[in-house]
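Enquirer: Following the hints, put chain B in place on chain A, whose structure we already have.
Line order of the protein sequences matches chains A and B. Using numbering that gives the first Met the number 0, read the first sequence as starting at 0 and increasing by one per residue. Using numbering that gives the first Met the number 0, read the second sequence as starting at 0 and increasing by one per residue.
Keep in mind the hints are simulated off the structure, nothing from the lab. It should be emphasised that the depicted structure is a prediction, and the values quoted were computed from it without experimental measurement. Backbone N, C-alpha and C define an ideal beta-carbon position, used for all residues, glycine too. Everything hinted at is true.
Cβ-Cβ distance ranges computed for the label pairs, FRET-style: (1) Asn-256/A - Tyr-145/B: 42 to 48 angstroms; (2) Ala-189/A - Glu-256/B: 31 to 37 angstroms; (3) Gly-231/B - Gly-51/A: 52 to 58 angstroms; (4) Ala-5/A - Glu-256/B: 32 to 38 angstroms; (5) Thr-142/B - Gln-322/A: 49 to 55 angstroms; (6) Glu-256/B - Asp-187/A: 34 to 40 angstroms; (7) Gly-51/A - Met-188/B: 19 to 25 angstroms; (8) Gln-322/A - Lys-257/B: 51 to 57 angstroms; (9) Arg-257/A - Lys-257/B: 42 to 48 angstroms; (10) Leu-255/B - Arg-299/A: 55 to 61 angstroms; (11) Asp-149/B - His-134/A: 26 to 32 angstroms; (12) Ile-213/B - Pro-113/A: 52 to 58 angstroms.
Listed here are the chains, written in short residue letters.
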Amino acid sequence: MTNPEAGLRMWQGNHACAEGAIAAGCRFFAGYPITPSTEIAEILARRLPLVGGKFIQMEDEIAAMGAIIGASLGGTKSMTATSGPGFSLKQENIGFAVMAEVPCVVVNVQRGGPSTGLPTQPSQADIMQSRWGTHGDHPIIAIAPASVRETYDMTIKAFNLAEKYRNPVILLLDEVIGHLTEKIVLPDPAKIEIFDRKKPDVSPEEYLPYELNDTDIPAMANFGEGYRYHVTGLAHDDTGFPTNDPEKIRLQLERLNRKIERYREEIIEVENLETRDAEVLVISFGSTARSAKRAVLNARENGVAAGLLRLKTIWPFPEKEIQEACQLVKKIVVAEMNLGQVAHEVEWATRRDKPVIRVNKINGEAIKPNEIYAAIIS
Amino acid sequence: MDYLGYLRQDKMPHIWCDGCGNGIILKSLLRVIDKLGWAKDDIALVSGIGCSSRTAGYVDFNTLHTTHGRAIAFATGLKIARPELHVIVVSGDGDATAIGGNHFIHAARRNIDLTLIIYNNYIYGMTGGQVSPTTPTGKKSSTTPYGNPDATFDICRLAEAAGAVYVARSTVFHVGRMDHYFEQALTRMGFSVVEIITPCPTSYGRQNKEGNAIDMLLSLKEKSLSIEKAAGLPADELQGKIVTGVFVDREQLSYLEKYNQVIEKAREINQ
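Isolated chain B, as found in the complex:
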């Protein structure tokens, strides 16, 4: 397929560091969009602030690079105004679950028809490696120089509890599964979330002595465990593991479908 046809080639080179996994995620997303045969005019990609969010500048869609944490709020308005658009939100772990955490859970509750792709690299990369809500407990960052005292968010469980209709996690090592999850998420009506674990050798790996980019990529393979296998294991055996797979796949009326019912009801009552 013609990946370059989906990219704004004049905006290259991108800002992502050597060994960053963001490009692998982007390539997977473009591959799936190509497979689905969606026209570029019919896609809006909305992002917030951070390394992941720079994706918006590179893809040849309707692109909206918003304020930190607020991409889902902007995307909600856009989707309501233009229901025919495929609206994809790209965000990072800090953007989506710290500053944007409120919008994340409420979009899930509301079941607005968006696909949220979270590039989870366990760190604030763009600002130079500060702790995020997914930085593992005990790990170092520039703002947790003695180790992170905080517990972490499980993004997929959070999305599940908040009401998302499709939730999956993969890593950039597991490209085939990532493709599959993206395809499922993009074609579901309602709020779908795909979390992708991606290495940040520059800001996370270096501070935690995780080796070079290849070491970090291979460790994703070693640490990953399917949700089916994880189901029978005690909590202590899941320490440090990345549980991958489909967490939620359910059908529920999406926000706009429900709002159409509101419109009908309003007309009925006001006749």
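Just chain A, same shape as in the assembly:
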């Protein structure tokens, strides 16, 4: 009952996300209804009580984010799911989870914005909000699956990354992926790799919750396990207590901002399709990458040397991977359902060395293969 058995399923992305969370060891979900993410909450409301977990619908998005941080501090892997407006509301507490280094997963099934926008239609316009939605310099991880099966895998990955790096992880779906129903083959639960937070191996007296160690990732004690310590969103020293000492603040904030970047090679995943000899490189992610794949294959059939670099990791940004894939190309096409949030990063990563053609759409329609194809051959 705990994990779904291996085998065939017909699931939508949101369902795969909910079941992936359970497979990852998530035993607490706090949420608030919002289209197009609501199915994740509905499925977990049904499933969590059956696997020794708990579900709660909180009074608002802010409370849902606070509740998962509290539960994670208690040692329970925790998740919330939302969409645009709710993602905006969660930002302050996401910053708390970053500052206090509390592992948790925040799913954002992107819909059109700004404001109430297009509740039932897809978008990929929360790229920058994922990176900079909360105030202050801070590290973040955001990953974006492009299929139902990958949503399952990447939800598990989101938990593993959160636990490993003691950071909130943003799982960026979009309405297409969330509501797309596909036939998938679930992996053998015994073969799923699960990472749990590193617990302290010292006595409570010696424990430093924000230790400056050579990994940059301090061990994390759970509340109620004999390590009485203090957790705050205030700038703190290695003991976890607030400090105004500029040197101590510098050391902690530099470590915080370094801890994801230094492990970027371990974190970042991209998929290369026909990129080895590509003259035109298409860069895309999420559901748009599916149209991009079709466009690239069509181009190849017509003798155009196109390739696709699909970003599975959005943050930290796959700068080096893009640079490598771009070495021989003559032009770059970035396809995304926003006005160029990733394209801008691509231009920066390639130092505007190659022309970057943007294929953008923000009217609630998915980008079609022929729109990307037209850019490839233009």
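Expert: Below, chain B without anything else, positioned relative to chain A:
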């Protein structure tokens, strides 16, 4: 008893001003915890933002100093993850009833097993004396320089209407009663609220010419009236009074008890 054994002495001096009542509340809370014999490892104290919320840094428990107004939301998750912990939320009038008002009423409705202690000093102290939802109408604050036009919240009546199982109010002058209410609240299953009226000579008293710290403390005695005595009085005679006592004491299944029923039902249906 050994108060110091419950405090993180290396974090002293605390930030509270001379004449602030917060220390009296903290001492009462520690006295009751000591009486109950709870182990420090088994207690989590969760707070939000403001003067009251700095309590979390000073006590030697599992302590969580959250974002403004959200302590109850964090505490809800923690309690669900660790039902064996005694989870106490410390908040102020602004933190609990303005920015955190939604979490306050819904925690009461849900009857999650937490004890909420509200230090009510009628003002935003930490930011320098701005109007709060409990600043009496007509009183001055730095953002109501001509007097507060707003009506006030009655925190205890709000908690009662929202569903809390135990609700009481005392002042820092009435220490014995405060101890008693804390003990009752901490040992009740479900959402319990104790509101303590505490003087803020620096930010509230000074702007409203309420005298020095001792004057303010004595005025708590003068203004206080038991809920039993208040019951028979007309509204105009209750103007400016502090009604103290136990407002609610009822038994009702707590959230986690009810959720355990959900689990049973889910298993039954899915067998």
